Amino acid sequence: MDLDPEHVRLLLMQQGYAVPDEDLLEITASLNALVEGMADLSRFGPLQEEPWPILVDYLGEQHAG
Amino acid sequence: MLADSYAFLSLSEQSRLIRSGELSPVALVELYLRRIDRYNDKLKAFITVAAGSAMESARRAEGEIAAGEYRGPLHGIPVAVKDQMQIDGMRVTGGSRIYADHVGTYDATVVARLREAGAVLLGTLNCHEFQVGPTRNFPFGTPRNPWNLERDPGVSSSGSASSLAAGLVSAALGGDTGGSNRGPAAACGVVGLKPTWSRVSRHGVFPFLWTHDCVGPLARTVEDAAHVLKVIAGRDPLDPTTSSEPVPDYLGAMGDSALSGVRVGVVEELVSDPTSQDAIDAMRAAFGVLAAKGAELIDVSLPLTRETRFVSQALTKPEAVGYHRRNLQERYEEFDYNTRVGFMVGAVLPAGLASSAQRARVVIARQVTDALKSVDVLVGSCTAGGAPLITQRQPITTKKEALEKIYGEKKGQGQYTRIFSMAGVPAMSVPAGFDRDGMPLGLQIAGRYFDEATVLRVGHAFQLATDWHGRTPPLA
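Keeping their order, the protein sequence lines are chains A and B.
Take the working numbering: the final residue in the first sequence is number 67, and no numbers are missing along the way.
Take the working numbering: the final residue in the second sequence is number 661, and no numbers are missing along the way.
Do not take every clue at face value.
[What the hints assert, rightly or not] Label pairs and their computed distance ranges (CB to CB): (1) G655(B) with P48(A): 45 to 55 Å; (2) R551(B) with E38(A): 24 to 34 Å; (3) S442(B) with M3(A): 51 to 61 Å; (4) P53(A) with E254(B): 40 to 50 Å; (5) G440(B) with L49(A): 38 to 48 Å; (6) R511(B) with D42(A): 29 to 39 Å; (7) L49(A) with Y291(B): 39 to 49 Å; (8) E38(A) with P488(B): 15 to 25 Å; (9) L13(A) with R516(B): 12 to 22 Å; (10) P48(A) with G473(B): 51 to 61 Å; (11) H9(A) with G507(B): 15 to 25 Å; (12) P659(B) with E38(A): 36 to 46 Å; (13) P53(A) with K590(B): 43 to 53 Å.
[What the hints assert, rightly or not] Just a few of them, taken from the derived set where beta-carbon distance is under 8 Å, the chain B residues facing chain A: (14) Q498; (15) R525; (16) R544.
To be clear, the hints were calculated from the coordinates, so they are not data collected in a lab.
On a predicted model such as this, the values are computed, not experimentally measured, just so you know.
Just so it is clear, CB atoms sit at the ideal spot from N, CA and C, and this is done for glycine as well.
Can you make the complete structure from the sequences, with help from the hints?
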């Protein structure tokens, strides 16, 4: 189900964003497209991994200390 | 007065001449300032030119070197940084109207390290607003490609790449989140490096996506990029995400040009549709050069490359909006149209999807790191083809248009670089030919975590066997 511009306007207003009408169409279209694109995540498998930034010990010295 | 040819010497060669007293840092800065004055109106590569402080620094460097206080390869070398990095006393805008009058009150760590190495700061370089891109209306002029002024110099470290190609500076810094150093480098025919995430400090750098942002060098040669990386890399107490992994001797690791024993993975998805035939041909020729140097070529597939387009948007948009929240609430219309509508999508994207994107990212990263268990580097095209014409996308009004124009596979420039950004591994673009329109093409080389040395070694060997990096654009 797609959101319409009024739904999106309300969501933005709830967060303190006042967006002009001319922007709202693209925001809505882009949001609906992105939600659709992310709807089927089966191509990535079961998504069991934790969402860490990268595979290195980036805490470095903090860990060592 | 120095001849213009000095402007295109490699940093390494300029450095050798400066150290031996055959080249004056003051004369070199004067040369670049003259060229900036001559070409910047067309290219819009620089936002701020710090002529006075640059001349002062050059005189100081010249005096120090004459007195035997030589600091190293960057001493007396003119550099410039993307207008994303804080500089004490200089205007730093993030490429945005929002910060058009902002003057830095401290140096970003990378800037401080350049200064400590004796580099001469020429100014700040034009970029897409807050490194997001594509910016629609550039507040400081539309950056243009020196190879063809009607063409795009790439997103988002545009000025960093175009200034080098046009011979306006010896080396530059850029910020690379999803390809912002490598894409412009490929488009302009220079070298652009994204180090391993956490290799270089981001303290004092406008963030875009904290979990991806990297600062790295752009230069005319791989050797030059190695000199700059050596100076800026390493642990910074002011950026707790920087690694304490020791910084190796990159120059020493380059060795000679032989690549015997190096296993090179040719990534099928980076040399196939939607890559242009010209780019595919150039890459095949480049792989042949690596093989002739002794490298073993192995076919590799990273099937999730094309899936990065949705995942990256679902990662970047929500994360980026957080940093700019107050300005978006209070000064919304001062943001560029493309920036602000993208940020607003991030503001309302369901949190569950953003979280899923983070997990999908790990799967993508795992695919890259698994591939790097059996090869030393991965290679492919850095872009779909040569730089496109500068155009202004019309506002999008339907989901179908958005799927095609924002997320479409054919749009595709970003997927070539994002795959390695999402993995956090080092990756670099090296000039590797031209398309039929005379626009540069870039060979991308990616390596294992913290193994910039091998990436640089392969790129350096390629440059010793080719002369693509020695070509200069007609403008210059």
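Against the structure, the hints come out as follows:
| no. | hint | verdict |
| --- | --- | --- |
| 1 | G655(B) with P48(A): 45 to 55 Å | holds (50 Å) |
| 2 | R551(B) with E38(A): 24 to 34 Å | holds (25 Å) |
| 3 | S442(B) with M3(A): 51 to 61 Å | holds (59 Å) |
| 4 | P53(A) with E254(B): 40 to 50 Å | holds (49 Å) |
| 5 | G440(B) with L49(A): 38 to 48 Å | holds (42 Å) |
| 6 | R511(B) with D42(A): 29 to 39 Å | holds (36 Å) |
| 7 | L49(A) with Y291(B): 39 to 49 Å | holds (41 Å) |
| 8 | E38(A) with P488(B): 15 to 25 Å | holds (21 Å) |
| 9 | L13(A) with R516(B): 12 to 22 Å | holds (20 Å) |
| 10 | P48(A) with G473(B): 51 to 61 Å | violated (41 Å) |
| 11 | H9(A) with G507(B): 15 to 25 Å | holds (22 Å) |
| 12 | P659(B) with E38(A): 36 to 46 Å | holds (45 Å) |
| 13 | P53(A) with K590(B): 43 to 53 Å | violated (29 Å) |
| 14 | Q498 | holds (6 Å) |
| 15 | R525 | holds (7 Å) |
| 16 | R544 | holds (4 Å) |
Hint violations for this structure: numbers 10 and 13, all remaining hints satisfied.
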